[in-house]
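Assemble the dimeric complex from its two separately framed chains, guided by the hints.
Quick note, the sequences are listed as chains A and B, same order. Just so you know, we're using the numbering used here here: the first sequence kicks off at 1 and counts up by one. Just so you know, we're using the numbering used here here: the second sequence kicks off at 1 and counts up by one.
No lab work stands behind these hints, which were simulated from the structure alone. Here a beta-carbon is modelled for each residue, glycine too, at the ideal position from N, C-alpha and C. Possibly wrong hints are sitting among the right ones.
Stated by the list, open to error - Below, a list of computed lysine-lysine pairs in the PhoX-like style, where the Cα atoms sit at most 25 Å apart: (1) K440(A) with K14(B); (2) K4(B) with K86(B); (3) K311(A) with K159(B); (4) K519(A) with K532(A); (5) K449(A) with K77(B); (6) K26(B) with K70(B).
Unchecked claim - Covered stretches of chain A, going by a simulated chain B footprint (3 or more residues, C-beta under 8 Å): (7) 199-212; (8) 255-266.
Here are the chains, one letter per residue:
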Amino acid sequence: MKVEEFDAVIVGGGLSGLRVAIELADTFNVAIISKVYPLRSHSGAAQGGINASLGNTEAGKEDNPERHAYDTVYGSDYLADQDAVMVLAKEAPKIVIELESMGAPFSRLDSGLIAQRPFGGAGFPRACYAGDRTGHALLHTVYEQCIRKGVKFYDEYFLIDLIKFGNSIAGLVSLDIASGELVIFRSEVIVLATGGFGRIYKRSTNAIINTGDGLGAAFRIDIPMQDCEFVQFHPTTLFGTNILITEGARGEGGLLFNKHKERFMKNVAPKAMELAPRDIVARAIDTEILEGRGFEDSYVHLDLTHLGRDKIMERLPGIREISMYFAGVDPIETPIPVQPGQHYSMGGIASKYKGDFGETPVEGLYSIGETSCISVHGANRLGGNSLLETVVFGRYVGRAIFKKNSRKKLGSADIKKAEEASLKSIEKLFTTWNKNKGKKPVEIRQAMKTTMDKNVGIFREESNLQQAIIDLQKVQKDFKTMHLETSDRRFNFGLIRALELRNMVDIAEVTAYAALWRKESRGAHFRTDHPKRNDKDFLVHSLVSRKNGELIIETKPVTLGIFEVKERAY
Amino acid sequence: MTKKEKTFIIYRQKTKNSKPTYERFKVPLTPGMTVLEALFYIQDYYDHTLAFRYTCRGAICGSCGMTINKFPQLACKTQVEPSEIKKHPRVQELVFGEISDWDKDNEILIEPLPNMPIIKDLIVDMEPFWEFYKEVKPYFNREINDTPPESKQTPENAKRIEQLIYCILCGICWTCPVSGKRKDYLGPSSLAKAFRFIDDTRIAEKQRRIIYQSAMQENGVPACEKIFACNAVCPKGVMPGIAIDKIRKLETK
Numbered sequence: 001m002k003v004e005e006f007d008a009v010i011v012g013g014g015l016s017g018l019r020v021a022i023e024l025a026d027t028f029n030v031a032i033i034s035k036v037y038p039l040r041s042h043s044g045a046a047q048g049g050i051n052a053s054l055g056n057t058e059a060g061k062e063d064n065p066e067r068h069a070y071d072t073v074y075g076s077d078y079l080a081d082q083d084a085v086m087v088l089a090k091e092a093p094k095i096v097i098e099l100e101s102m103g104a105p106f107s108r109l110d111s112g113l114i115a116q117r118p119f120g121g122a123g124f125p126r127a128c129y130a131g132d133r134t135g136h137a138l139l140h141t142v143y144e145q146c147i148r149k150g151v152k153f154y155d156e157y158f159l160i161d162l163i164k165f166g167n168s169i170a171g172l173v174s175l176d177i178a179s180g181e182l183v184i185f186r187s188e189v190i191v192l193a194t195g196g197f198g199r200i201y202k203r204s205t206n207a208i209i210n211t212g213d214g215l216g217a218a219f220r221i222d223i224p225m226q227d228c229e230f231v232q233f234h235p236t237t238l239f240g241t242n243i244l245i246t247e248g249a250r251g252e253g254g255l256l257f258n259k260h261k262e263r264f265m266k267n268v269a270p271k272a273m274e275l276a277p278r279d280i281v282a283r284a285i286d287t288e289i290l291e292g293r294g295f296e297d298s299y300v301h302l303d304l305t306h307l308g309r310d311k312i313m314e315r316l317p318g319i320r321e322i323s324m325y326f327a328g329v330d331p332i333e334t335p336i337p338v339q340p341g342q343h344y345s346m347g348g349i350a351s352k353y354k355g356d357f358g359e360t361p362v363e364g365l366y367s368i369g370e371t372s373c374i375s376v377h378g379a380n381r382l383g384g385n386s387l388l389e390t391v392v393f394g395r396y397v398g399r400a401i402f403k404k405n406s407r408k409k410l411g412s413a414d415i416k417k418a419e420e421a422s423l424k425s426i427e428k429l430f431t432t433w434n435k436n437k438g439k440k441p442v443e444i445r446q447a448m449k450t451t452m453d454k455n456v457g458i459f460r461e462e463s464n465l466q467q468a469i470i471d472l473q474k475v476q477k478d479f480k481t482m483h484l485e486t487s488d489r490r491f492n493f494g495l496i497r498a499l500e501l502r503n504m505v506d507i508a509e510v511t512a513y514a515a516l517w518r519k520e521s522r523g524a525h526f527r528t529d530h531p532k533r534n535d536k537d538f539l540v541h542s543l544v545s546r547k548n549g550e551l552i553i554e555t556k557p558v559t560l561g562i563f564e565v566k567e568r569a570y
Numbered sequence: 001m002t003k004k005e006k007t008f009i010i011y012r013q014k015t016k017n018s019k020p021t022y023e024r025f026k027v028p029l030t031p032g033m034t035v036l037e038a039l040f041y042i043q044d045y046y047d048h049t050l051a052f053r054y055t056c057r058g059a060i061c062g063s064c065g066m067t068i069n070k071f072p073q074l075a076c077k078t079q080v081e082p083s084e085i086k087k088h089p090r091v092q093e094l095v096f097g098e099i100s101d102w103d104k105d106n107e108i109l110i111e112p113l114p115n116m117p118i119i120k121d122l123i124v125d126m127e128p129f130w131e132f133y134k135e136v137k138p139y140f141n142r143e144i145n146d147t148p149p150e151s152k153q154t155p156e157n158a159k160r161i162e163q164l165i166y167c168i169l170c171g172i173c174w175t176c177p178v179s180g181k182r183k184d185y186l187g188p189s190s191l192a193k194a195f196r197f198i199d200d201t202r203i204a205e206k207q208r209r210i211i212y213q214s215a216m217q218e219n220g221v222p223a224c225e226k227i228f229a230c231n232a233v234c235p236k237g238v239m240p241g242i243a244i245d246k247i248r249k250l251e252t253k
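So here's chain B without its partners, still in its complex pose (with noise of 0.2 Å):
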């Protein structure tokens, strides 16, 4: 009996200026294959240069985040079979290279993460992401201090952030089209990180304060433009979204 193999079309480029190609490989399935152990294979086998980013295979370190067959997701969390093709109303068309001849019934398409700049294959530059990351200073500010008792927290408080807790940092949701358009915008991962300590009913008031602006500037909640591509990509149901939505909320009041 001959193995039952499966094609995939990966985005291939050298440097950061090179000109894309796409390269196809033939990987021998086995049950439960996922896209990252795909990848794995033709590392291993065909080309060991082959360049993507990973490191748990579980779904919570979010590194593997990438385009599969134009929807960006988690390779870890993406089965090989059944090969879908997601789709959302709210996710635009991704362009990464020219590719005319994809056989979208029988072959897997592999491209980066969109809209941030292409280092070598699969590996995206993900210094901005950081940088934004930084830029709303997400952290608490107390005093560090181990004398008890801890601080109190009501059981509904803590589940207030619980959602916004979830997010692995993957940079899924830099889909947005604005994170495509505009360098400057903070993301939607920055500004859910943000209201994750804006909702948070333990933080000082004038850290709260502090963070509460840094995600009101020009770029960052104003830029959003409703589109919630976020919530549509988002792997861990984190619903950055809604977080920006509930900042914008805050102005008003």
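If we strip away everything but chain A, and leave its shape as in the complex, we get (with noise of 0.2 Å):
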């Protein structure tokens, strides 16, 4: 059995858990451990801004963060739980400025500050940028830092299971992609930072490695997944690739253009037009194509050929290399083809079980970033507040580690018991997939995605959401049966992918499970059986979990109390 022991371990190193191990690196022995090489991760494919409100440009003068909160509040569908809201937008000038200070190469105004731009449901130009690729930007100098402080990383190791003693964390077993072993990672603090599960869905922007791991391993110890019903269709994904086309694209002045070259946001959202909130520009945009007015029924244009040559080769570099690459379109002549498409996980792992922000019901075990729910983007979060959260609280969850400094002794026998029960259990299912008889990964993870994106996309309704319950119910039988051959286990992507799914296959029914729960509309969850929000009713998180096999829903206040409740209008 090969045990690491560390003083805490963090799962991802995307820029969530770089940020928490630069925090811990100087005081504690902290481990990294990722199933990529950390520059690869989701947080280097956003694209368009980090928000805060600075106020650097002429039109953002007025900006402070109570305006920042707000604005995240009212698009969050005030679902967002606004005592954390208030940390993230307080925060926000701030971290800017500590990864300023860390060599982010931040695009510059005039003045020699960091330049600004206008986002989606943002009263003003907030989001922070390094021309179309901030995430990529941010998550490289973030990584430095943590080069330059030492930190010890683990990479291509894949989660697999978390070990809970008692009610606390005890440890992890993963695998070392490379050699095919098994490994533990013993420590009494792990902090999850995996990223979303977008890859739920067939058509979605999200990296093909988004698989939910850290919900799904936490799902498994009866952690319950907060708010998963939310889930963020990107109005502007490229068709075809579904790749991102940033917000920062209408932020810089992109129009929306049906087939019949109207600007048809003028219907839904007169005042904010094409820079309305992500949901709102989704639904508005599908409904286009539902009613015969895209273009082969399948897309709008977004038009970007007025705002001339140099602004697209200074502003929207990547997103025109995009463009051409995977679409064969030159965005300085044409305009580019776009759908919505799944983006964003608004729920994850519930934080603030009983503790602070970032904290689970089990002690020791933090979650951080899209893997986690703390809420602050409730309902729809707005572009600008993602690259934001995973700084923000993995500097906060850092800090809080940090001074619970809850180092114990570890190695009892009792939870080597634990671990060896562990290691048996993932044995015993490697074991089962080589001797299955039933299907391969590939057609389980389709039938998945296939009922997923028909059945529980931008509209939903009782019905679908009912078949899309039937549908993942079969998905897990099959699971249950699926046949994989596991013998060689060095870089065995076959079966990394078919570990993943195991995750999966969770995460969709609870989104499924929930989605069919909530007889409301609000943000991203769209039911037209339901058109209206329904605060009496549905004003609270939900909360899933599985109990003797069968989900279960609980629901979780709201924290209210400085934002009043209001309609939401653009």
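Shown next as structure tokens:
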């Protein structure tokens, strides 16, 4: 049995995980395990910006953290926890300045200050950016600081299961992808920062690796999943591949047209137009397509041609590159074909269950970033708030762990017993897959994605969601009899993808189940059979867990009290 | 109507020291299919042990560098149709194993990245790559500080390093023949990274000096033979060769 011991183990090498490591590196014996090299993480795909009310531009002079918090809560359709949002907004200017001090290569204004651009649902130009590759620039910067601090990395290690002892976390079992060996990480502090679970859908902007591994592992040790019904569909993903076309393209003046050359956003958001929040723009585009006003019944046009070559080359060079490589279209001359696609998971591991932000119900286990539901995004996340969340709560949770400093003695006989049991169950799982005579993983994965796309998409209703539940139960059943040859485990990505599927089938079921339960429309969750928001019954967070094999739902109150709950219109 | 298919010839190697083989797979084509998608098809339907790295499928993460039709490139960014045989006078012929019967017009040949030890199939050992990356000390060493205002930089100065920021550390520039013959060569990627910091107007003079000196080690800038294969193959237009040249010119100042 191979065992590594640390004061704290961080799972995931994206912005969230890296930022925790920086906070702890000087005082804790800390390790990051990641299934890919950290610089491959999906944080690097974020394009448009990171919000902070710096007020660097003339138009942004009056901005402040309260306005940022208000826009975020309003954009969330009031489901965000207002105390968490205040932390997010107040920390924002500091964290952006901190990133700059680490060397982040932000774009600049003539004044020399960090440049800021308008984003959907924001009252001021608030999104700080590095061209249209902001996530890439920040991921590299924070990784560089980890190198500077000598953080220990275990690259290409896959989290399989968490080990719990009593109600405390005791460690985790991982697969060393290169050697194929199972390795135990023994630690009484574990931070899950494994990103989102967008790959339960086929049509998604997410990296192939966004499979909810942290969520799946947490769900299996009985941690509830919060608000998973709230799935963000990004309005503008490239037709064909669904690669993200940043909101910054609209922030810089890009316009949306249907095939009759109408700016259809005037029908749903006459004031905000293209810069209404993502849920509203995504529904508007889908409506155009469903009602026959799209191109080839599949997409609308995002027109940048009027911005001119210079502005496109300066502000949106990555978007131009993506459009040319993946759609054969040069946005300087031709509009970009776009359609909505799954983009972000507002829900995640239930946080602040009893303690503080990022704390789960299991002692010593934390979750941050897209993996978690802290909840700062509520029913709909504003663009520019996800990069912000990763670093703000990465630092916050790092500090909380440092303060607690609960480094206990590990390796008692009981904990070793729990480790051995966990190893044994994984070996048994691999043997079962080997022996099974059922379907191939790909068939099961596709059945899951097909029903999620079809029945748990932008527009939802009772019968579709019922169908999704039936389909996903079948998926679960097929997964139990799935066949996969597991004898050679070195760099066996078939095995990795099967382990990812193990996480996804659970989270897909949770998502559909919560969507069926929530009989109202709020933010990204739109029920055609319940088109209105219903604060009386549903201004609550959903919590899904599995008891005796059955999914059950509980609720948790939303933290209000700072901003008055109102109707939402743009 | 029968579906259009394409044959892929894939480099296979079981372990670090085993003899390579080539294996053919027929993949049904879908509109706009990329080489990466074709590899997933093979993994899903024919052989799930086929090993290759991937992450974003959008040319931003740097995972899927490999040699396609004898030219190193990102699999996610390379279309299956029309199949293209890329060539460049600065890129030498790359040989991995013996393949005598490759039908260039109808078959796509997939091999690993050059000049890195092959561990399994299309997976190369990236450890030396990351070690050399770290060796140039690619980071700011200012005090981490969150008190406004931020340090200023003119838009012109921010622009100087923009192209270097685009580097995704995919390793494709290790096509450089010097990386092939000298196992201790820091490589174009590390040196371009060094210049990203050297040329950043915000960095402290002392740190700039440290990075400059690491880049100027005997196995760094001086080892570059100005072949500029790196510029020819870089999928992000970073032009590492130009960065190396600029570091070299700093010395003579």
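Original post:
If you draw a straight line from the CA of K440(A) to the CA of K14(B), is it 25 Å or shorter?
Top reply: holds, 23 Å
**OP:** Compare the distance between the alpha carbons of K449(A) and K77(B) with 25 Å, and conclude whether the hinted pair is satisfied.
**Re:** holds, 24 Å
Original post:
Does the alpha-carbon distance linking K311(A) and K159(B) stay inside the 25 Å limit?
Top reply: Holds, at roughly 14 Å.
Original post:
Does the stretch 255-266 of chain A contain three or more residues whose Cβ lies closer than 8 Å to a Cβ of chain B?
Top reply: violated (count 0)
**OP:** Mind taking a look at whether chain B covers the stretch 199-212 of chain A? Criterion is 3 or more residues with CB to CB distance under 8 Å.
**Re:** holds (count 3)
Original post:
Regarding the pair K519(A) and K532(A), is the alpha-carbon distance no greater than 25 Å?
Top reply: Since the Cα atoms of K519(A) and K532(A) sit roughly 9 Å apart, the hinted pair holds (cutoff 25 Å).
Subject >> Hint consistency between K4(B) and K86(B) [alpha-carbon to alpha-carbon, up to 25 Å] >> reply: Between K4(B) and K86(B) the Cα gap is close to 23 Å, so the pair holds against 25 Å.
Subject >> Restraint check for K26(B) with K70(B), where alpha carbons must lie at most 25 Å apart >> reply: Holds, at roughly 19 Å.
Hint violations for this structure: number 8 only, all remaining hints satisfied.
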